[in-house]
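J.: The primary structure of each chain is shown beneath.
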Amino acid sequence: MRPSDLIQGTLDVLILKSLATESRHGWAIAKRIQAASGDVLQIKQGSLYPALHRLESQGLIRAEWKKNETGRDARFYTLTRAGRAQLQAEVSQWERLSAAIQLTLKHA
Amino acid sequence: MLHRWIDMTRYRFRSLVQGGQADADLDRELRSHIAQQEEELVARGIQRDEAHRQAVSTFGGVERMREESRDARGISVLENLTRDLRYAFRGLRREPMLLVAATISIAVGAGGNLAVFSLAREFMFAAPDVRRPEELVQFRVSHGSHASYQKWQDLDASDALADIAGFSVEKELNWRNGDQVTALIPMLVTANFFDVTGVPVALGRPFTAAEARAEDSPRMVLVSHAFWQNRLGGDSAIIGQPITLNGDSYTILGVLAPRLRSVAGFSISPAVYAPLSRSLVPELQTPANIVRLLGRLKPGQTLAQARTAVDAADRRLGRLIGDTLYAGAQEFTSLNTLVGASGPKALKMVGGFFVLLGLVSLMVLLIACANVAGLLIARGTRRRQEIAIRLAIGGTRSRLVQQFLVEGFWLALIGTVAGLGLTVAFMKLVNSLTLPIPVPMELHLGVDPAMFAAAVVLVFLSILLCGVLPALSATRLSLVPALKREERFVATRRFTARSMLLTGQVTVSTVLLVTAFLFIRNLSHTQVTDPGFEVNRALVAQLGFVRGLPGEDHIGVLQRATERVAALPGIEQAAFTSSVPLTMHGGSTSGLMAHIDGVDGSQHVQFARSNVGPGYFSTLNVRLTSGREFQASDVVGTPAVTIINDEFARKYFNGRNPVGNRMRFEGRDTVYEIVGVVANGKHVTLGEDQRAAMYLPLLQHPEGVEVAFVVARTRGDPSGSVVTVRNAISELDRSASVQVESMRSALKFSLLPSRIGAAVLGTLGFLGLVLAAFGLYALVSYNVSRRVSEIAIRSALGATRGGILRLVVRDAAVLVGGGVLMGLGIAALVTTPLATFLAAGLSSKDPVSFVGTFIAFIVVAGLAAWLPARQAVRVSPVVAMRQS
Chain P
1 MRPSDLIQGT LDVLILKSLA TESRHGWAIA KRIQAASGDV LQIKQGSLYP ALHRLESQGL
61 IRAEWKKNET GRDARFYTLT RAGRAQLQAE VSQWERLSAA IQLTLKHA
Chain V
1 MLHRWIDMTR YRFRSLVQGG QADADLDREL RSHIAQQEEE LVARGIQRDE AHRQAVSTFG
61 GVERMREESR DARGISVLEN LTRDLRYAFR GLRREPMLLV AATISIAVGA GGNLAVFSLA
121 REFMFAAPDV RRPEELVQFR VSHGSHASYQ KWQDLDASDA LADIAGFSVE KELNWRNGDQ
181 VTALIPMLVT ANFFDVTGVP VALGRPFTAA EARAEDSPRM VLVSHAFWQN RLGGDSAIIG
241 QPITLNGDSY TILGVLAPRL RSVAGFSISP AVYAPLSRSL VPELQTPANI VRLLGRLKPG
301 QTLAQARTAV DAADRRLGRL IGDTLYAGAQ EFTSLNTLVG ASGPKALKMV GGFFVLLGLV
361 SLMVLLIACA NVAGLLIARG TRRRQEIAIR LAIGGTRSRL VQQFLVEGFW LALIGTVAGL
421 GLTVAFMKLV NSLTLPIPVP MELHLGVDPA MFAAAVVLVF LSILLCGVLP ALSATRLSLV
481 PALKREERFV ATRRFTARSM LLTGQVTVST VLLVTAFLFI RNLSHTQVTD PGFEVNRALV
541 AQLGFVRGLP GEDHIGVLQR ATERVAALPG IEQAAFTSSV PLTMHGGSTS GLMAHIDGVD
601 GSQHVQFARS NVGPGYFSTL NVRLTSGREF QASDVVGTPA VTIINDEFAR KYFNGRNPVG
661 NRMRFEGRDT VYEIVGVVAN GKHVTLGEDQ RAAMYLPLLQ HPEGVEVAFV VARTRGDPSG
721 SVVTVRNAIS ELDRSASVQV ESMRSALKFS LLPSRIGAAV LGTLGFLGLV LAAFGLYALV
781 SYNVSRRVSE IAIRSALGAT RGGILRLVVR DAAVLVGGGV LMGLGIAALV TTPLATFLAA
841 GLSSKDPVSF VGTFIAFIVV AGLAAWLPAR QAVRVSPVVA MRQS
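First to last, the sequence lines map onto chains P and V. Each step along the first sequence adds one to the number in the working numbering, with nothing skipped, and position 106 is 106. Each step along the second sequence adds one to the number in the working numbering, with nothing skipped, and position 267 is 267.
These are calculated hints, taken from the structure and not from any lab test. Any given hint might turn out to be false.
Facing chain V, a subset of chain P residues (Cβ under 10 Å, in silico) [said to hold, decoys possible]: (1) A20; (2) S23; (3) K31; (4) P50.
Counterexamples of contact, computed for chain P against chain V with all Cβ distances above 10 Å [to be verified]: (5) T10; (6) A35; (7) A36; (8) G38; (9) H53; (10) N68; (11) R72; (12) R75; (13) E90; (14) S92; (15) E95; (16) S98; (17) A100.
Just so you know, even glycine gets a beta-carbon here, dropped at the ideal spot from N, CA and C.
Only chain P is shown next, with the shape it has when bound in the complex (with noise of 0.2 Å):
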């Protein structure tokens, strides 16, 4: 699925979530989320970097240059305390409205 496909502003949930547990850089971010989700998404990077620059605008992540796994240095994202309230937040709201089209789905 490209991530146009994807419902507007999914693809930042996804990010968000993709650094709940430990904070990762922007390439290891795409690959995380084609992972999970069973390489059904596939995010372009035309899409990630913006997105990621808008959520450290936001004051949602914060960036840092580190040095990754073979020691080359990329730029980490980390969730910030306010990241983490809005990822709760969006989650929620995900599985209210999934749960509700699924019933409409079932039932209608």
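Starting from the structure of chain P, add chain V where the hints point.
T.: Same frame as chain P, but now just chain V:
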């Protein structure tokens, strides 16, 4: 929430100040991404070269991502602004003519405003140099601008304020410097003046309340910094040296701080500060009102509380003495809000003048901005294609408008800075000027934060005025023809923003020019106005006597001086008098109840009063209508006589011949016999309505002569006799100051307001005309240049040169004619309040000024249209057609 806000702010701030840093970070991040992608591909067993190619190709459009990422960072407005600033600056640098023209226009406009601002502020609002000015108050008590010495003592002794001091700048004293005696206007102060005000001293020390009590005849003074520098040699050994004032020796205690703003306000800068004493002010212990009052508030006391306290104190003093004239406090103001110490009337006049100046200089700025706006609109039209491309590829209109405003900002900034430079040069000039007035004035203009604030306001005003209209007009275009470089046909839209602008500009310039014209006319009018006495062939010698010296005989000195002067070659006749009309000593004004022979009961008469000597009228060529002049025999002890003018006779004698009638004022015993009637003349100002006047023989009223004059009629040019007259007089009384000048020069003071007005407004009006002519020329020539192909077609089809010239000139005439007519209409309304500044007989609707302005503009507009039109018809049709 706060954390998040701090994070966001830090982020934005960083990307703002580290301009390219964010972009560089992004590049590095993307490179790192590609490298990791490459690593992964290599790990899967792909050749490194191939892996690199694949990693890069899957990445996609870097440039677009960069843009999006920039937008995501949410700082595009600020980043765009810095980019626009750079871009606009480069663009303007490529068009030096535009830059120079706009800079000159705005510099002149802004410079005029800043100069008026600094003058008005210095003259009217500058706080005097005192210790903690916010605690000082000025006030009047019991209806008078001044209070008696006794009143000051009583009020100061009362508990109303912390301290009260008094000062006077109305007296004169004589300074003997070697053989020369010069009249000075001193600041005479109460002993506690320096203790209370804390006026700063540069050298030596001020006198204290304990040592300078008037009762002890204190013989100490402080001198101003300028006086010390210019007249006393500027040597610091001056402290403790003697200085001779009114014949007595005083010790110089100190030199005041340089560029001192005195508590008298209005830039008055007395040369000498001396404690009040009997020898300087003989009437000190009388009820005469001598000093103006200043007070220092008690700690924590408000203005209202202080006023109540002073009011109560004054009324209590009144009850004690039983004098109903103790009417409490009036006009109680803090000293640093406005030094309007000369009272509301003078303030109104001066304030009115500056308001007028301010309006006029704003009008000049308006014209200047209209010029610049016109230039920018023309430039916008030249850039239609560029603008159309930017709009076509997705630039928003607001972005483009922003860019145009940024251009306006540069022009406004550069122009205002240049204007600030002009103002500083102007201030240097003004500070070094000596005004031809008898009051010592020093202007201390300087650049300060308030002036910079004014400049910033002007920059933004200019941006608004210059930038907005061009920005809107340039970005409002239909894309397709603009992209194809098609010229919009000029004739299809008569009322473009530019032509409306021009009409407005001409309107404003017309108003300005009419005003300037009026003032120039006023000046020439006052030059020719007949004041009613000889001006061109007359001399005035002013004698300042010191009172209270033993064996004083001022009248005797005056009589001997007059005899000597009359005997000089080149002098036809001489007389002495206590006043000279239209000078600082122009006589007094009285309003009294009078009993006049042949009129039942008493009537109120109001008149100008002067005491003059024998032969005064014939000396100054004042025509005697009937009766006789004063004679040497009209002395104390002989029947009281008086001479009145025609106006007095007309008003109070109902046209009867008054000679031989008698007149008595209520409450006084003297019965005056009217012995003569003289022709009318001016007394206080040239513009005044005709006053009734009454003259008394000085020899019958010799008491209290302090300043007196010997006037003389010369055979030829009076300036040739100035030195001989001074020599003839100065030996008679060694303590008296003698000042000799031609009558015309003595009248300078009364001409000063209209002179300054004419000079300033004339200059501004001329600037306005030049700017408007310049703008007119630019517009018309620009319009013609756009019509080159049209003109070529016309001439190819056989139109005559004359026909084309008429066409071009007609268009300009419609615009300019409309503007001028509108301007004349507005000017008729605007100039009405100017009447107070104008000489009698000159109407604010003076036809010469209006017609003159009209002609001036028609000539300028005609030239501005004709010159480029002449060039246009010379264009060969072939060349012109190819151009389009």
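J.: Hint by hint, note whether the structure agrees.
T.: Against the structure, the hints:
Among the interface hints, the one on A20 (chain P) is violated; its C-beta lies about 17 Å from the nearest C-beta in chain V, farther than the 10 Å criterion. For S23 (chain P), the interface hint is violated, the least distance from its beta-carbon to any beta-carbon of chain V being 14 Å, above 10 Å. With its C-beta approaching chain V no nearer than about 8 Å, K31 (chain P) sits inside the 10 Å limit, and its interface hint holds. A cut of 10 Å between beta carbons decides the hint on P50 (chain P): the least distance to chain V is about 4 Å, and the hint holds.
No Cβ of chain V comes within 10 Å of the Cβ of T10 (chain P); the nearest lies about 17 Å off, and the non-interface call holds. In this structure A35 (chain P) is separated from chain V by more than 10 Å, as the shortest Cβ-Cβ distance comes to about 12 Å. For A36 (chain P), the condition that its CB be more than 10 Å from all CB atoms of chain V holds, with the nearest at approximately 17 Å. Residue-level check passed: G38 (chain P) sits 18 Å from the nearest beta carbon of chain V, beyond 10 Å.
At the 10 Å boundary, the C-beta of H53 (chain P) falls inside the reach of chain V, the nearest C-beta of that chain being 4 Å off. Interface exclusion of N68 (chain P) from chain V breaks down, the closest Cβ pair being 7 Å apart, not more than 10 Å. With a least beta-carbon separation of about 6 Å from chain V, R72 (chain P) fails to lie farther than 10 Å from that chain, contradicting its non-interface assignment. Distance to chain V contradicts R75 (chain P) as a non-interface residue, since its nearest Cβ pair spans about 5 Å, not more than 10 Å.
Listed as outside the interface, E90 (chain P) is consistent with that label: its C-beta sits roughly 15 Å from the nearest C-beta of chain V, beyond the 10 Å cut-off. Residue-level check passed: S92 (chain P) sits 19 Å from the nearest beta carbon of chain V, beyond 10 Å. Here E95 (chain P) stays apart from chain V, with its beta-carbon at least about 24 Å from theirs, past the 10 Å limit. Listed as outside the interface, S98 (chain P) is consistent with that label: its C-beta sits roughly 27 Å from the nearest C-beta of chain V, beyond the 10 Å cut-off.
For A100 (chain P), the condition that its CB be more than 10 Å from all CB atoms of chain V holds, with the nearest at approximately 30 Å.
Hints 1, 2, 9, 10, 11, 12 from the earlier list are contradicted by this structure; the remaining hints agree with it.
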